[in-house]
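Protein chains: 2
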Amino acid sequence: MDTINISRHISGQFNEDLETVINHVMSMGGLVEKQLQDSITAMIEADEDLAKEVLKNDYKINEFEVYIDEECSRIIAKRQPAAGDLRLIMAIIKTITDLERIGDEAEKIANVAQESFSKEQRDLLLNLENLGNSVLKMLQKTLDAFTRMDFDAAMKVHQRDSKIDREYEALMRQLMTYMMEDPRSIPQIMSVIWSARALERIGDRCQNICEYIMYFVKGKVFRHTSPEDMKNV
Amino acid sequence: MDTINISRHISGQFNEDLETVINHVMSMGGLVEKQLQDSITAMIEADEDLAKEVLKNDYKINEFEVYIDEECSRIIAKRQPAAGDLRLIMAIIKTITDLERIGDEAEKIANVAQESFSKEQRDLLLNLENLGNSVLKMLQKTLDAFTRMDFDAAMKVHQRDSKIDREYEALMRQLMTYMMEDPRSIPQIMSVIWSARALERIGDRCQNICEYIMYFVKGKVFRHTSPEDMKNV
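Chains as they are written, first to last, in my numbering: chain A, 1 to 233; chain B, 1 to 233.
Take the hints with a grain of salt, since some may be wrong.
Which copy is meant is left open, so a pair is good if it fits within one copy or across any two.
Restricting the straight-line Cα-Cα distance to at most 30 Å, the calculated cross-link-like pairs of lysine-lysine (DSBU-like) are [said to hold, decoys possible]:
| id | residue 1 | residue 2 |
| --- | --- | --- |
| 1 | 108 | 156 |
| 2 | 163 | 108 |
| 3 | 108 | 220 |
| 4 | 56 | 220 |
| 5 | 220 | 137 |
| 6 | 137 | 56 |
I should point out that these hints are in silico values taken from the structure, not numbers from a laboratory.
Next up, chain A with everything else stripped away, as it sits in the complex:
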């Protein structure tokens, strides 16, 4: 993630400023990806130390968000960008908000990973592994599409969210069945449910970022467009 290939979109004078800020977004993205990966591992492997590390590192993501936000404002004030350049900055400002919130969701998962579960209940956490891996892959592909500002890749990732929604629904049905069979385990299973929900929301946030990429490339808002209409652009 240390190279960028969007120079063709950028008019001359902005190059340096924009490349710097985009590199910061990528570093932030890499950190968010690591936090998500670690929170899932902490959950699956009952690794309390790793969970603590995720909680300890969240401030770095917050700092990135504040810093990049200020960088973008500085660029707007100094460079007075128009059209494509401005669209890129808008896409960045919105993307970092979603990245920061993905970091918050990873924090929630790390919190659950610190709770005490019985051996039997811990098995339930394993159910999160598939969903966690799918969401992690979606985040990686989102960051990759961002790096290349690739419309087609963003659209493909965007559509991937329905797969995650299906996995989430299946897991939720399974967890509800567990609760009905063993009501005493409800508090613990609710913790698993909150983690599943956090993962599902990360999928939604990846989808948001893909919409910003698509908006940047085509200069058209895709936020409230159906998948069919997206293809006809």
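Once you've looked at the hints, dock chain B against the given chain A.
Structure of chain B alone, referenced to chain A:
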């Protein structure tokens, strides 16, 4: 909500453009408030028609978001604002994202309001009334603080979120107890839990908007600041 009082923050030439966009944000806010009010009423009074109307009207909020976003880009490109003016536009761009998502949460509540509950289960929905009213009041106060770009009001509303979190936690414990006592009702109670969660998230989003207001007024980011530090500005 048809008057604004932030002209003292705005340098001459931007006045007209900015007033127009701020009036649009307020209209959008009023619509979001109505959608939330209607979704809560639909839930409490089991009013399916009203729930359908909420679902039907969501597109209007989406249209507002897209339109105001474009308006803000146009102002930046045309007026090349700096400092306070730019901060205001940034605050607006972020505010409408949260308003739109509050609309989405209202949609979720309206969806639950359409589900069929037995008489007994319907009583459970009444538990949402207090939380719903608190959140609605918080949204109203947030929009009011936005209208006046009032730092102190925004800080006060921001702190109100902990009250909502407490109400939410209490409701959640109550709902978990119900589930443990009557496991057959779990699927319906989960629907109530999702609605409670949607309300709690609306509180978080109001908190976000308050942070943008505070950022605009003081030129300082409050997003990751503790309540104690907020007072010392």
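So, going through the hints one by one against the coordinates:
Proximity of residue 108 and residue 156 under a CA criterion of 30 Å is satisfied in both settings, with 28 Å inside one chain copy and 26 Å between copies. Taking CA atoms no more than 30 Å apart as the test, residue 163 paired with residue 108 passes in both settings, with 23 Å inside one copy and 20 Å between copies. For the identical chains of this complex, residue 108 and residue 220 are inter-copy neighbours only, at 27 Å across copies versus 34 Å inside a copy, given an alpha-carbon limit of 30 Å. Taking CA atoms no more than 30 Å apart as the test, residue 56 paired with residue 220 passes between copies only; the shortest distance there is 24 Å, against 39 Å inside one copy.
Proximity of residue 220 to residue 137 under the C-alpha cut-off of 30 Å is restricted to the intra-copy arrangement: shortest distance 26 Å within a copy versus 35 Å between copies. Taking identical chains as interchangeable, the C-alpha atoms of residue 137 and residue 56 lie at most 30 Å apart only when both belong to the same chain, with a minimum of 24 Å there against 34 Å between chains.
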